[in-house]
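Chains as they are written, first to last, in the working numbering: chain A, 1 to 316; chain B, 1 to 316; chain C, 1 to 316; chain D, 1 to 316.
To be clear, the hints were calculated from the coordinates, so they are not data collected in a lab.
Watch out, some of these pointers could steer you wrong.
Because identical chains share one entry, a pair is satisfied inside a single copy or across any pair of copies.
Under the rule of at most 30 Å between Cα atoms (straight-line distance), these lysine-lysine pairs were calculated in the DSSO-like manner [to be verified]:
| # | residue 1 | residue 2 |
| --- | --- | --- |
| 1 | 237 | 135 |
| 2 | 135 | 147 |
| 3 | 147 | 215 |
| 4 | 211 | 48 |
| 5 | 258 | 135 |
| 6 | 169 | 288 |
| 7 | 48 | 135 |
| 8 | 61 | 48 |
| 9 | 215 | 48 |
| 10 | 288 | 61 |
Residues per chain are reported as follows:
Protein chains: 4
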Amino acid sequence: MNGSALLAALLFAPLAAYAQGWNVPPESQRCPSKWGAGDERGSGNHMKNPQNVLRAARLIKSGEIIELGHVLGPGMPFFGPRILNIQPKRTFMNTGRNTRGSNEEMVTSEIGQVGTQFDGFAHQTHGDLMYNCFKVSEVGTRNGFTKLGVHNAPAFFTRGVMIDVAALKGVEMLGDTYEITVADLEQALARQGNMRLQPGDAVIIHTGWGKLYGKDNPRYVKSTPGVGVAAAEWLVKQDPALVGADNWPVEVSPNPDKDLSLPGHQIFLVVNGVHLLENMKLDELAAKRVYEFAFSMQPLKIFGASGSTVAPVAIR
Amino acid sequence: MNGSALLAALLFAPLAAYAQGWNVPPESQRCPSKWGAGDERGSGNHMKNPQNVLRAARLIKSGEIIELGHVLGPGMPFFGPRILNIQPKRTFMNTGRNTRGSNEEMVTSEIGQVGTQFDGFAHQTHGDLMYNCFKVSEVGTRNGFTKLGVHNAPAFFTRGVMIDVAALKGVEMLGDTYEITVADLEQALARQGNMRLQPGDAVIIHTGWGKLYGKDNPRYVKSTPGVGVAAAEWLVKQDPALVGADNWPVEVSPNPDKDLSLPGHQIFLVVNGVHLLENMKLDELAAKRVYEFAFSMQPLKIFGASGSTVAPVAIR
Amino acid sequence: MNGSALLAALLFAPLAAYAQGWNVPPESQRCPSKWGAGDERGSGNHMKNPQNVLRAARLIKSGEIIELGHVLGPGMPFFGPRILNIQPKRTFMNTGRNTRGSNEEMVTSEIGQVGTQFDGFAHQTHGDLMYNCFKVSEVGTRNGFTKLGVHNAPAFFTRGVMIDVAALKGVEMLGDTYEITVADLEQALARQGNMRLQPGDAVIIHTGWGKLYGKDNPRYVKSTPGVGVAAAEWLVKQDPALVGADNWPVEVSPNPDKDLSLPGHQIFLVVNGVHLLENMKLDELAAKRVYEFAFSMQPLKIFGASGSTVAPVAIR
Amino acid sequence: MNGSALLAALLFAPLAAYAQGWNVPPESQRCPSKWGAGDERGSGNHMKNPQNVLRAARLIKSGEIIELGHVLGPGMPFFGPRILNIQPKRTFMNTGRNTRGSNEEMVTSEIGQVGTQFDGFAHQTHGDLMYNCFKVSEVGTRNGFTKLGVHNAPAFFTRGVMIDVAALKGVEMLGDTYEITVADLEQALARQGNMRLQPGDAVIIHTGWGKLYGKDNPRYVKSTPGVGVAAAEWLVKQDPALVGADNWPVEVSPNPDKDLSLPGHQIFLVVNGVHLLENMKLDELAAKRVYEFAFSMQPLKIFGASGSTVAPVAIR
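Based on the sequences and whatever the hints tell you, model everything.
What follows is the structure, given as structure tokens:
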């Protein structure tokens with residue numbers, strides 16, 4: 001038994017003493033996932049269904065494209081020590097009478113976990129286990145994850161539904177630690193013309209918190225309104241292609257249960273294999289009251305990475 | 001006059017002694033661009049026209065999505081010293097009874113100029129001048145370009161047309177330095193059902209060269225078949241939203257005129273403000289003979305950068 | 001018990017079933033180290049003894065400085081995916097009539113584990129344990145090690161002794177997998193005028209393998225002559241300030257015992273707290289037959305790092 | 001004439017209209033340097049003189065080593081957007097019964113221009129010209145400088161002299177923009193036992209400003225006491241091996257002449273080829289009143305770089 005296998009064996013030991021309140025379901029209840037043993041795509045599998053694509057296409061009526069991603073650069077918020085270092089190289093002047101110069105830049109960043117970003121399934125764990133019970137100790141290497149890498153994620157082109165909870169509450173921005181409930185989501189959908197979610201939707205939640213992005217970054221990252229455990233589990237039941245929001249973790253933070261650290265991340269990514277989309281720019285969508293649209297996004301196919309910075313759009 | 005202004009003044013001096021054959025047109029003929037003085041979007045302006053979006057949406061009939069981007073990772077070709085270093089961080093175990101671990105990775109790369117990639121207008125120059133006669137010496141900084149950064153580029157959702165020159169010639173792959181001519185493009189379009197290009201199209205050229213990508217990288221980057229000067233100028237006249245190909249520079253390299261270094265890059269990017277899309281993955285599109293489709297691509301909005309690595313798709 | 005403590009507890013479990021041949025001594029035999037519980041300096045403690053400094057100073061008689069470090073740059077060998085990316089920034093022209101330009105470069109590298117390099121004690125482990133039984137699971141963070149970081153290492157100025165095993169054997173370079181024995185070291189010292197090692201010496205072994213550095217990098221890193229287990233343990237008994245060589249791991253590789261991976265690294269760094277100095281440039285020293293000298297080296301004080309790239313010198 | 005030569009020709013144009021006060025001397029007065037045409041070592045040439053080494057060795061009497069470099073890590077000051085990103089890799093567990101784990105870290109930083117740092121001659125320019133009139137436009141590449149790279153600098157082992165100007169003035173720290181004069185230097189030397197500088201000395205100036213390092217970084221980098229133009233020129237006349245200080249630019253900043261940007265950098269590095277050593281840690285040296293010592297420092301031999309982060313020491 002080599003060191004690696006040993007480590008895996010040890011980490012595979014049962015995590016004991018579940019406290020009351022929400023807990024990560026035991027492996028037997030969550031693995032294999034509903035998409036099958038060995039599946040690495042989770043909710044991304046919805047994009048294999050051409051009906052989802054066709055439904056989105058039918059929503060395009062005016063030809064307007066609304067950008068849902070923030071610019072990556074000066075003024076953006078960062079979590080902890082994350083960085084975005086963009087360094088243009090010296091202009092290279094090629095030989096030839098056409099005096100052609102070339103510019104390019106070196107980027108050093110946690111691309112995939114900065115800016116408007118899409119979470120893959122290697123991003124989060126419960127102990128040593130990730131989505132579909134892939135083990136970090138077995139698939140994590142110094143160069144990337146041999147399973148669950150974000151290069152497995154599909155291009156998304158599906159019906160997008162924005163649920164405007166801020167508008168429901170009649171505020172520009174939900175409170176700093178407001179927990180969005182199931183009732184909030186249901187009432188907001190009802191208010192938006194009795195909308196119904198469908199399997200394969202990109203479900204986008206407007207909290208208004210994005211107004212702080214680039215304006216008051218310390219407050220933006222300190223806490224956030226977002227979905228709680230119950231709303232997260234309700235959303236999972238709707239069988240979406242992904243869940244996004246205009247805040248940094250989609251879910252509320254800190255969690256009202258002080259002994260839980262971002263449980264929504266485990267509910268979506270680890271337990272159910274539902275992708276997340278964070279730090280969305282939803283101001284224009286909200287201002288125009290666009291609740292239904294074709295949602296289009298193409299994560300970068302970074303081999304073995306935990307996520308991808310993205311530039312999604314709504315098309316209507 | 002400070003040093004920066006001095007440098008600019010000196011570089012602005014006329015470049016003398018044009019040789020015979022193609023030469024970069026003088027500034028007076030290319031600036032301001034047809035999109036107006038100060039314009040930073042060039043062919044990206046086509047995406048402001050909702051008719052282009054609607055035309056693309058109407059092409060979606062089966063709901064199939066075909067990926068046009070390569071995976072970023074092991075085996076990919078690089079030009080010169082470019083790198084893609086992906087380094088997962090140590091798993092961070094958060095406090096809380098839910099034993100939540102977090103993974104993320106630091107990426108160090110010329111993101112924007114590696115893999116399937118979209119060229120912005122800060123990428124190329126003629127002497128000190130870029131598209132619309134913006135000057136490198138004035139807008140280039142250590143952290144990015146204050147003008148022409150790729151964050152100005154729109155999300156693309158427009159009609160895509162693949163011109164299969166390899167199929168026209170009855171080969172899997174054009175020759176190592178084959179110059180695609182205007183006649184080639186016209187005949188290939190005729191062969192594909194008398195197709196016509198329209199303003200705002202994403203024009204994609206299939207050379208077959210992409211078969212070498214990741215298979216024989218040294219040969220892939222050493223030379224390439226592609227459009228010559230005449231075909232590039234013909235393509236510009238079609239007024240596309242962008243021009244792409246399954247090779248590394250879209251154009252032929254080396255150029256048959258040995259004293260020209262990638263003149264197509266200047267024709268498209270510097271002189272006419274037409275975006276390029278390189279290193280496309282076109283094997284599936286070609287095999288399925290999909291010549292017309294909705295083309296969708298969202299460049300990352302990297303502030304002040306010369307380009308963006310992308311993951312475009314064809315939807316039909 | 002949070003996840004981190006859990007991991008530590010699990011990893012702390014006894015590693016069972018020691019095979020015959022060399023094995024890592026049990027914790028009880030190696031912790032605390034001879035330098036005391038909690039010590040982070042190991043053999044670096046020798047530099048607290050001013051007699052070592054004075055002895056070195058007395059060896060300086062001609063005023064000649066001989067460099068023992070390779071240039072960091074083009075042509076250097078790397079292990080696995082390590083890199084050295086040096087990227088000068090665009091010249092920044094300051095304001096002011098003195099037209100002062102500034103250059104600097106971004107370096108991306110495993111600085112500390114490339115080129116001529118000094119190994120700190122966070123570099124190597126036995127399971128979860130490092131020198132003095134500090135645990136990776138407790139002191140390793142995403143930003144560095146909270147214990148045993150190379151910033152704890154002293155500046156070295158002590159007697160240097162080169163043991164020329166290649167010369168003893170009458171060869172330019174020892175064989176590709178030659179294991180240096182205790183007898184080799186003793187005979188080489190005898191041949192060099194009956195030299196004796198003293199506690200606190202910087203002991204440098206000349207294998208000749210460095211002739212391949214930058215000349216035949218694939219062969220250089222594939223294997224190497226160097227000290228075996230017995231010679232490593234003998235060297236430790238001499239109580240040196242560090243042990244260095246003109247090869248990449250000081251020790252022989254692969255080890256003759258095929259089930260051991262660089263056991264010398266554990267003998268020196270983990271079990272006994274003796275620093276290593278690798279990839280030395282010893283050609284000049286060997287050609288001039290300089291066996292005794294003042295050894296001077298100042299590791300960079302990189303907080304929490306596993307090692308430091310260095311530029312040591314011999315002064316005589 | 002290709003683009004590169006053109007650029008060089010243009011930049012070589014005379015810089016007109018010298019104002020009153022200090023100005024960069026014309027090329028004819030400074031090139032070739034006193035070390036000869038084509039010389040890349042400047043004041044580093046002093047280390048070729050064995051008498052300098054021997055003089056230093058004779059100053060070692062007690063065997064005490066005093067570190068003159070700051071720890072590189074949390075809390076250190078940075079100039080502008082410079083960074084020091086240290087990222088330990090995941091522990092790699094090797095195969096073998098000895099369960100050997102390896103740690104290493106990726107460092108992304110302007111190594112050479114952060115922390116206690118040694119300035120090479122590619123660091124500074126007057127227009128396009130550097131030391132000995134090497135031209136940035138000719139020797140600057142995307143991967144480093146083909147001339148004047150810091151790998152040319154020698155290891156330093158020479159007499160060190162600390163001139164304690166703060167002590168002369170009876171203060172812990174000189175004022176925020178205090179210009180050190182020639183008289184200050186002369187009086188401080190007189191006060192320290194009528195010390196005399198000798199060619200080849202490492203001349204270190206104690207301003208006390210280093211007390212702010214890591215304590216009040218914004219103030220530390222905003223301005224600094226240091227030598228003015230006259231004192232810089234006086235120091236150059238003493239023919240030192242280098243000039244260092246416990247502040248970030250050695251010289252006063254901002255310069256009293258508001259139209260000059262760090263003219264001392266040009267006087268030392270560009271005009272006279274005298275190396276600088278910045279951000280020194282001098283508290284211990286000053287507290288112990290150690291004015292004369294063996295100064296030892298080994299810049300990293302980074303090919304083509306502008307400088308090197310270092311960890312110098314005083315030995316006495």
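Legend entry - Non-conforming hints, listed in increasing numerical order: Going through the list in order, the structure violates no hint and respects every one.
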